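Residues in the sequence shown are numbered from 73 upward in steps of one, following this note's numbering.
Think of the hints as simulated: they come from the structure by calculation, not from any bench.
Hints may be right or wrong, so weigh each one.
As the list claims (entries may be wrong) - Straight-line C-alpha distance at most 27 Å; calculated DSS-like pairs for lysine-lysine:
id, residue 1, residue 2
1, LYS108, LYS280
2, LYS144, LYS225
3, LYS188, LYS144
4, LYS264, LYS161
5, LYS217, LYS188
6, LYS225, LYS188
7, LYS144, LYS161
8, LYS161, LYS225
9, LYS225, LYS153
10, LYS257, LYS188
11, LYS264, LYS144
12, LYS257, LYS161
13, LYS153, LYS188
14, LYS153, LYS217
15, LYS257, LYS217
16, LYS217, LYS264
17, LYS217, LYS144
18, LYS188, LYS161
19, LYS161, LYS217
20, LYS257, LYS144
None of these values were measured; they are calculated from a predicted model.
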Amino acid sequence: MWTPDTIKVNRRPTRVPTFLFTSLSLMKGFRYHHAKDDFVMMYLWLPTTENCNIPPYAHTMIGVGAVVVNDKAEILVVSEKYYQVPHWKLPGGYVEPGENLVDAAIREVWEETGVKTEFQSLLTLRQAHFGMFGCSDIYTVVSLKPLTLSIEKCEREIDNCRWMDIDEYLNHPHVHELNRFFVHKYLEYARKNLKIDWHHGIHQALRKPYTVYYITSEEEGGSKNT
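Use the sequences and the hints to build the structure in full.
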């Protein structure tokens with residue numbers, strides 16, 4: 073028998089096919105916590121005099137966008153195939169599980185446009201709430217340097233892709249104000265010789281990899297990673 077004196081919470085992963093077990097668990101007071109493709113995680117908080125303090129499951133989506141500018145002061149922009157309103161936006165998409173922000177931005181640019189890039193600077197973070205699946209959303213914009221210029225768009229997702237003069241982009245009627253803000257920050261960082269760099273490390277206590285992002289200047293050199 074479980075009692076608050078011996079254990080405060082009982083977690084019960086239930087494989088998807090065992091619907092009867094799930095129903096019986098609900099009847100016994102278990103509640104849903106989260107679900108994956110092949111299981112449902114349920115829990116039962118046992119103390120009757122304490123509020124449940126089990127952390128909620130992951131509730132924030134992470135996306136990336138990339139400001140990619142060539143030597144002609146042209147920015148790489150895309151329009152999505154299934155978005156009905158005319159628009160020009162930054163290439164980008166969602167970060168995959170276990171993927172770093174910079175790697176995700178480089179991958180998304182390559183997948184959508186066929187342009188190879190390398191990291192220059194992190195630019196901005198945009199946070200919003202009540203988005204897809206009711207989750208919050210953090211959108212990270214990264215500055216990338218193009219290593220190639222030839223465009224080969226993703227036929228599945230992208231309707232159009234081109235290099236556009238930055239001034240034209242900043243004044244284009246089909247560009248959202250937020251995207252203009254991102255590009256203005258790119259230009260401001262360039263004028264002030266600033267960048268947000270990154271550093272990889274291993275946490276001394278947890279022994280797990282991490283990435284830190286920090287403000288620096290171009291004179292201090294590139295990323296120092298371990």
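Hints, one by one, checked against the model:
1. Only pairs whose Cα atoms come within 27 Å are accepted, and LYS108 paired with LYS280 is accepted, the gap being roughly 24 Å.
2. Between LYS144 and LYS225 the alpha-carbon distance is near 20 Å, which keeps this suggested pair within the 27 Å criterion.
3. Proximity of LYS188 to LYS144 is assessed by CA-CA distance (about 17 Å); at most 27 Å being required, the pair is judged to hold.
4. Proposed proximity of LYS264 and LYS161 is supported: the alpha carbons are some 25 Å apart, at most 27 Å.
5. At roughly 9 Å between alpha-carbon atoms, LYS217 and LYS188 fall within 27 Å of each other, so this suggested pair holds.
6. A distance of roughly 12 Å separates the Cα atoms of LYS225 and LYS188; the hinted pair therefore holds under the 27 Å criterion.
7. Restraint check for LYS144 and LYS161: satisfied, since their Cα atoms lie roughly 19 Å apart, inside the 27 Å limit.
8. Restraint check for LYS161 and LYS225: satisfied, since their Cα atoms lie roughly 14 Å apart, inside the 27 Å limit.
9. Proximity of LYS225 to LYS153 is assessed by CA-CA distance (about 11 Å); at most 27 Å being required, the pair is judged to hold.
10. For the hint linking LYS257 to LYS188, the alpha-carbon distance of about 22 Å falls within 27 Å, and the restraint holds.
11. Between the alpha carbons of LYS264 and LYS144 the distance comes to roughly 20 Å, so the proposed pair stays at or under 27 Å and holds.
12. With a C-alpha separation of about 15 Å, the suggested pairing of LYS257 with LYS161 holds against the 27 Å cut-off.
13. Only pairs whose Cα atoms come within 27 Å are accepted, and LYS153 paired with LYS188 is accepted, the gap being roughly 22 Å.
14. With a CA separation close to 25 Å, the supplied pair LYS153 and LYS217 stays within the 27 Å bound.
15. Proximity of LYS257 to LYS217 is assessed by CA-CA distance (about 16 Å); at most 27 Å being required, the pair is judged to hold.
16. The straight-line distance between the Cα atoms of LYS217 and LYS264 is roughly 18 Å, inside the 27 Å bound, and the hint therefore holds.
17. Only pairs whose Cα atoms come within 27 Å are accepted, and LYS217 paired with LYS144 is accepted, the gap being roughly 12 Å.
18. With a CA separation close to 18 Å, the supplied pair LYS188 and LYS161 stays within the 27 Å bound.
19. The hinted pair formed by LYS161 and LYS217 meets the criterion: a straight-line CA distance of about 17 Å does not exceed 27 Å.
20. Pair hint LYS257 plus LYS144 holds up; C-alpha atoms about 18 Å apart against a cutoff of 27 Å.
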